[in-house]
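Produce the entire structure from the sequences given, and follow the hints as far as they go.
Below, each chain spelled out in residue letters.
2 protein chains.
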Amino acid sequence: MQKALEYVDENLDTFIEDLKSLCSIPSISSPNEGIKECVTKIREILEESGLNVKVLELEGANPVVYGDYKPEHYDKTIIFYNHYDVQPADPLELWESPPFEPAIRDGKLFARGVADNKGNIIARIKAIESILRTDGDLPVAVKFVFEGEEEVGGISLPKYIDKYKDLFEADIGVWESGDRHENERPSVKLGYKGIAFFEFFVRKADKDVHSGRAGLVPNPVWRLIEFLSSLRDEKGKILIDGFYDDIDINNEDEELLKGIPFDDEEIKEEYGLEEFVGKFEGFEALKSLYLKPTCNIDGIKSGYIREGTKTIVPSEASVKVDFRIFPGQTPEKLLENLHEHIEKYGFTDVEVKYYYGYESAKTSPSSFAVRIIEEATRKTYNREPLIYPMSVGSSPIYNFINKLGIPTVSIGAEYWGSLVHSPNENIRIEDFRLAIKNVVNIIDELSKH
Amino acid sequence: MQKALEYVDENLDTFIEDLKSLCSIPSISSPNEGIKECVTKIREILEESGLNVKVLELEGANPVVYGDYKPEHYDKTIIFYNHYDVQPADPLELWESPPFEPAIRDGKLFARGVADNKGNIIARIKAIESILRTDGDLPVAVKFVFEGEEEVGGISLPKYIDKYKDLFEADIGVWESGDRHENERPSVKLGYKGIAFFEFFVRKADKDVHSGRAGLVPNPVWRLIEFLSSLRDEKGKILIDGFYDDIDINNEDEELLKGIPFDDEEIKEEYGLEEFVGKFEGFEALKSLYLKPTCNIDGIKSGYIREGTKTIVPSEASVKVDFRIFPGQTPEKLLENLHEHIEKYGFTDVEVKYYYGYESAKTSPSSFAVRIIEEATRKTYNREPLIYPMSVGSSPIYNFINKLGIPTVSIGAEYWGSLVHSPNENIRIEDFRLAIKNVVNIIDELSKH
Chain A
1 MQKALEYVDE NLDTFIEDLK SLCSIPSISS PNEGIKECVT KIREILEESG
51 LNVKVLELEG ANPVVYGDYK PEHYDKTIIF YNHYDVQPAD PLELWESPPF
101 EPAIRDGKLF ARGVADNKGN IIARIKAIES ILRTDGDLPV AVKFVFEGEE
151 EVGGISLPKY IDKYKDLFEA DIGVWESGDR HENERPSVKL GYKGIAFFEF
201 FVRKADKDVH SGRAGLVPNP VWRLIEFLSS LRDEKGKILI DGFYDDIDIN
251 NEDEELLKGI PFDDEEIKEE YGLEEFVGKF EGFEALKSLY LKPTCNIDGI
301 KSGYIREGTK TIVPSEASVK VDFRIFPGQT PEKLLENLHE HIEKYGFTDV
351 EVKYYYGYES AKTSPSSFAV RIIEEATRKT YNREPLIYPM SVGSSPIYNF
401 INKLGIPTVS IGAEYWGSLV HSPNENIRIE DFRLAIKNVV NIIDELSKH
Chain B
450 MQKALEYVDE NLDTFIEDLK SLCSIPSISS PNEGIKECVT KIREILEESG
500 LNVKVLELEG ANPVVYGDYK PEHYDKTIIF YNHYDVQPAD PLELWESPPF
550 EPAIRDGKLF ARGVADNKGN IIARIKAIES ILRTDGDLPV AVKFVFEGEE
600 EVGGISLPKY IDKYKDLFEA DIGVWESGDR HENERPSVKL GYKGIAFFEF
650 FVRKADKDVH SGRAGLVPNP VWRLIEFLSS LRDEKGKILI DGFYDDIDIN
700 NEDEELLKGI PFDDEEIKEE YGLEEFVGKF EGFEALKSLY LKPTCNIDGI
750 KSGYIREGTK TIVPSEASVK VDFRIFPGQT PEKLLENLHE HIEKYGFTDV
800 EVKYYYGYES AKTSPSSFAV RIIEEATRKT YNREPLIYPM SVGSSPIYNF
850 INKLGIPTVS IGAEYWGSLV HSPNENIRIE DFRLAIKNVV NIIDELSKH
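Just so you know, the sequences run in chain order A and B.
According to the numbering used here, the stretch in the first sequence is residues 1 to 449, in order.
According to the numbering used here, the stretch in the second sequence is residues 450 to 898, in order.
Hints in this document: simulated from the structure, not taken from any laboratory.
Values in this document were obtained by computation on a predicted structure and should not be read as measured data.
No residue lacks a Cβ here, since even glycine has one placed at the ideal position from N, Cα and C.
Among the clues, some could well be false.
The list that follows gives simulated cross-link-like pairs (lysine-lysine, DSSO-like), each with its CA atoms no further than 30 Å apart [unchecked claim]: (1) A/Lys235 with B/Lys469; (2) A/Lys353 with B/Lys684; (3) A/Lys237 with A/Lys207; (4) A/Lys310 with B/Lys525; (5) A/Lys268 with B/Lys656; (6) B/Lys717 with A/Lys344; (7) B/Lys684 with B/Lys759; (8) A/Lys310 with B/Lys897; (9) B/Lys728 with A/Lys207; (10) B/Lys656 with A/Lys301; (11) B/Lys759 with A/Lys301; (12) A/Lys41 with B/Lys684; (13) A/Lys268 with B/Lys793; (14) A/Lys258 with B/Lys656; (15) B/Lys802 with A/Lys279; (16) A/Lys258 with A/Lys379; (17) A/Lys268 with B/Lys717; (18) A/Lys310 with B/Lys452; (19) B/Lys519 with A/Lys310; (20) B/Lys802 with A/Lys207; (21) B/Lys686 with A/Lys237; (22) A/Lys20 with A/Lys70; (23) A/Lys41 with A/Lys20; (24) A/Lys163 with A/Lys353; (25) A/Lys301 with B/Lys686; (26) B/Lys759 with A/Lys287; (27) A/Lys165 with A/Lys70; (28) A/Lys70 with A/Lys163; (29) B/Lys759 with A/Lys108; (30) B/Lys828 with A/Lys310; (31) B/Lys802 with B/Lys852.
Here are the computed distance ranges between Cβ atoms for each label pair [unchecked claim]: (32) A/Pro423 with B/Gly866: 50 to 58 Å; (33) B/Ile696 with A/Glu182: 40 to 48 Å; (34) A/Phe283 with B/Glu542: 56 to 64 Å.
Below, the structure is given as structure tokens:
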């Protein structure tokens with residue numbers, strides 16, 4: 001693969017041009033913008049790189065762009081997952097250059113979606129192109145899946161998998177993203193949290209009432225507070241019966257986590273904090289971050305919220321809550337437990353709206369997939385990779401790991417300063433170069449397996 | 450006084466014209482509008498009615514219009530309190546006629562401020578005019594105090610009292626307002642609740658953080674919920690040490706309250722409720738409404754509160770809370786107890802903002818002032834008055850009762866459908882007529898005392 005790695009260096013400038021042209025398309029899934037144009041562009045890039053392309057479509061869903069290359073003889077198939085949709089770019093005024101006019105400054109490429117995760121789309125396609133152009137063939141079969149709804153809950157991907165199951169079959173999966181730590185070590189993530197997003201409503205009087213009547217007219221905020229207090233204790237433990245029953249987090253995960261550097265004071269300074277949740281410190285705090293489910297309040301609203309004073313008993317109150325769930329848990333089971341909780345404690349006046357959710361999944365550290373990707377990553381970066389048992393965030397990796405049974409690991413071209421979902425999102429050109437080479441090395445390792 | 454009462458009937462139309470002209474001035478204290486014009490108009494009306502007028506002024510405060518009439522010989526002085534400022538009129542689109550273009554429909558006069566409480570301003574002045582024009586003199590001395598900041602906390606009145614103390618001295622006081630019950634019995638209120646308005650803030654991270662970090666980064670809403678839960682139990686009881694220590698509510702008050710009609714089902718229907726605070730019913734609910742302090746949430750806000758979903762740990766949360774307090778309690782003592790509570794339970798990360806407040810006050814049912822006003826009201830309306838030990842709302846009646854030591858009772862020209870502070874505020878012309886006559890009868894009763 002030496003020639004392929006040299007091809008990467010020689011053609012880096014044109015790869016960056018492709019990345020810039022992909023990033024100039026505002027493929028925002030909420031609202032649905034630039035999707036068609038983006039699909040066409042990815043199709044073009046895949047074809048130019050020597051891959052076969054199918055654009056899969058389902059009624060009411062954004063298309064999935066599927067690309068593959070099958071050599072005449074091969075033992076293994078590798079599948080790459082990415083998404084071409086991006087977050088909205090607002091607040092626009094905080095961008096130093098326009099979000100959809102990719103700009104290079106200081107060795108970094110700035111654009112909405114460049115880190116999350118168009119950089120990885122281009123890096124992976126161009127790695128395959130580099131091998132094909134220098135070796136004329138691939139030692140393994142490759143598949144690409146680019147979906148367009150990751151930023152809005154990823155609800156259509158499982159439907160695509162159900163319909164086109166054989167297209168998705170593979171021996172090893174590479175998931176969307178990964179970033180380099182402040183210490184420059186590359187990350188390899190074995191899993192992602194799941195998520196379930198809810199809104200809870202309480203309605204009492206049919207209109208706002210003068211608060212002189214607060215002794216008579218029930219206040220929906222007080223009621224919502226009683227309900228929320230029943231869900232979680234001060235340490236962050238979730239109080240819903242059965243919530244923890246099926247969680248599959250074990251010693252192996254904790255052992256892996258011990259390898260992750262964690263400086264309490266540095267993190268506190270980064271977020272301007274005096275203490276962490278539950279007053280946890282050191283490894284306990286790290287476990288709370290990576291290996292414990294959470295029940296989080298994203299927003300709460302009731303009554304008079306402008307400047308100054310107004311004396312009312314509000315008629316309604318609402319709160320948005322997300323749960324991060326772990327392997328073994330499902331949003332469906334959580335919803336069921338939540339309804340039982342509501343019945344048990346008499347909170348039948350709390351209305352539950354379920355927005356979306358998906359389960360968590362992780363690949364075992366002893367999987368051959370981890371060994372291959374770890375080895376390739378070590379070689380590419382010339383540094384020991386950081387192996388995370390679980391990512392901080394959620395991503396529907398269960399589609400590969402649980403639904404298709406593919407051991408899947410997540411790596412990528414980002415770094416600690418990529419500002420994903422924020423203004424001035426960026427990747428470093430050097431990380432982009434290494435991310436391409438890493439995929440070349442992964443193909444090489446896989447072919448030797 | 451028979452001639453005075455006849456004069457009321459004969460001149461009712463011109464009294465209504467005066468009321469309409471006063472109501473056409475938008476004397477909104479928040480923001481400060483139409484104040485000067487309103488002061489001039491009231492001065493004119495007072496002088497035309499035969500009273501002496503002083504416009505009192507203090508730096509940074511809206512003027513107090515003071516009017517009086519002292520006969521050569523008199524035993525007793527009666528003082529009337531009203532305010533000429535009104536609530537903002539929005540939402541304007543819900544008014545059937547413009548709020549500052551007074552209109553008569555169906556025997557009712559509609560305008561912002563006509564019930565709260567310009568109707569009473571005119572009724573009381575015109576009662577004195579009616580006696581002066583028909584008897585040529587008054588049997589008692591009268592004083593009028595019209596302030597312009599009642600709707601914004603009434604913070605300047607005590608300062609006026611301190612500066613012009615002798616102007617305010619009297620034997621009996623008549624406070625701003627009173628309404629007729631659905632059963633048409635007139636109300637006589639012996640006191641008002643006090644109030645203390647706060648906002649509480651919790652700030653954690655210095656920016657909103659991706660909620661995948663909810664296991665590490667403390668959520669200010671969860672913290673605010675812990676704090677709020679420490680303030681009040683599910684029955685509405687306030688859990689701050691020392692809160693109830695000095696409350697002067699006794700059997701006499703409860704006995705009076707037993708005379709107030711209360712139909713649980715009718716009230717539930719009026720507000721669209723299934724149950725009352727604390728699941729109280731009947732007299733217990735009535736006591737909770739009139740004789741128990743409350744801690745009420747007027748508004749709460751944190752994080753993402755628009756449509757749809759966003760997964761963040763918000764950086765800050767805030768809640769607006771009003772306490773209704775009772776005789777014996779003061780906002781200053783409450784604030785002190787609150788700070789002790791915060792220290793005791795370690796809520797030092799909760800920031801307290803105190804907006805405004807004043808104490809509660811009530812006149813003893815055995816006071817001669819109550820007997821006089823009760824007797825006059827019985828005669829005027831030819832119905833048994835409803836004697837309330839306490840009003841539902843708050844008003845700074847403590848200025849008269851506690852600060853000046855004047856036994857003071859509240860009556861007025863409103864009725865159960867007056868829509869005070871709401872669109873289509875109105876009084877019934879018949880109630881306006883009777884409210885004027887009631888003041889004539891009160892003067893008559895007082896002169897015989």
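Evaluated hints:
| no. | hint | result |
| --- | --- | --- |
| 1 | A/Lys235 with B/Lys469 | 62 Å, violated |
| 2 | A/Lys353 with B/Lys684 | 27 Å, holds |
| 3 | A/Lys237 with A/Lys207 | 36 Å, violated |
| 4 | A/Lys310 with B/Lys525 | 39 Å, violated |
| 5 | A/Lys268 with B/Lys656 | 12 Å, holds |
| 6 | B/Lys717 with A/Lys344 | 26 Å, holds |
| 7 | B/Lys684 with B/Lys759 | 34 Å, violated |
| 8 | A/Lys310 with B/Lys897 | 44 Å, violated |
| 9 | B/Lys728 with A/Lys207 | 20 Å, holds |
| 10 | B/Lys656 with A/Lys301 | 19 Å, holds |
| 11 | B/Lys759 with A/Lys301 | 14 Å, holds |
| 12 | A/Lys41 with B/Lys684 | 63 Å, violated |
| 13 | A/Lys268 with B/Lys793 | 26 Å, holds |
| 14 | A/Lys258 with B/Lys656 | 28 Å, holds |
| 15 | B/Lys802 with A/Lys279 | 26 Å, holds |
| 16 | A/Lys258 with A/Lys379 | 23 Å, holds |
| 17 | A/Lys268 with B/Lys717 | 50 Å, violated |
| 18 | A/Lys310 with B/Lys452 | 45 Å, violated |
| 19 | B/Lys519 with A/Lys310 | 40 Å, violated |
| 20 | B/Lys802 with A/Lys207 | 27 Å, holds |
| 21 | B/Lys686 with A/Lys237 | 27 Å, holds |
| 22 | A/Lys20 with A/Lys70 | 28 Å, holds |
| 23 | A/Lys41 with A/Lys20 | 12 Å, holds |
| 24 | A/Lys163 with A/Lys353 | 29 Å, holds |
| 25 | A/Lys301 with B/Lys686 | 24 Å, holds |
| 26 | B/Lys759 with A/Lys287 | 24 Å, holds |
| 27 | A/Lys165 with A/Lys70 | 17 Å, holds |
| 28 | A/Lys70 with A/Lys163 | 21 Å, holds |
| 29 | B/Lys759 with A/Lys108 | 28 Å, holds |
| 30 | B/Lys828 with A/Lys310 | 38 Å, violated |
| 31 | B/Lys802 with B/Lys852 | 26 Å, holds |
| 32 | A/Pro423 with B/Gly866: 50 to 58 Å | 54 Å, holds |
| 33 | B/Ile696 with A/Glu182: 40 to 48 Å | 58 Å, violated |
| 34 | A/Phe283 with B/Glu542: 56 to 64 Å | 60 Å, holds |
In the structure shown, a violation is registered for the earlier hints numbered 1, 3, 4, 7, 8, 12, 17, 18, 19, 30, 33, in ascending order.
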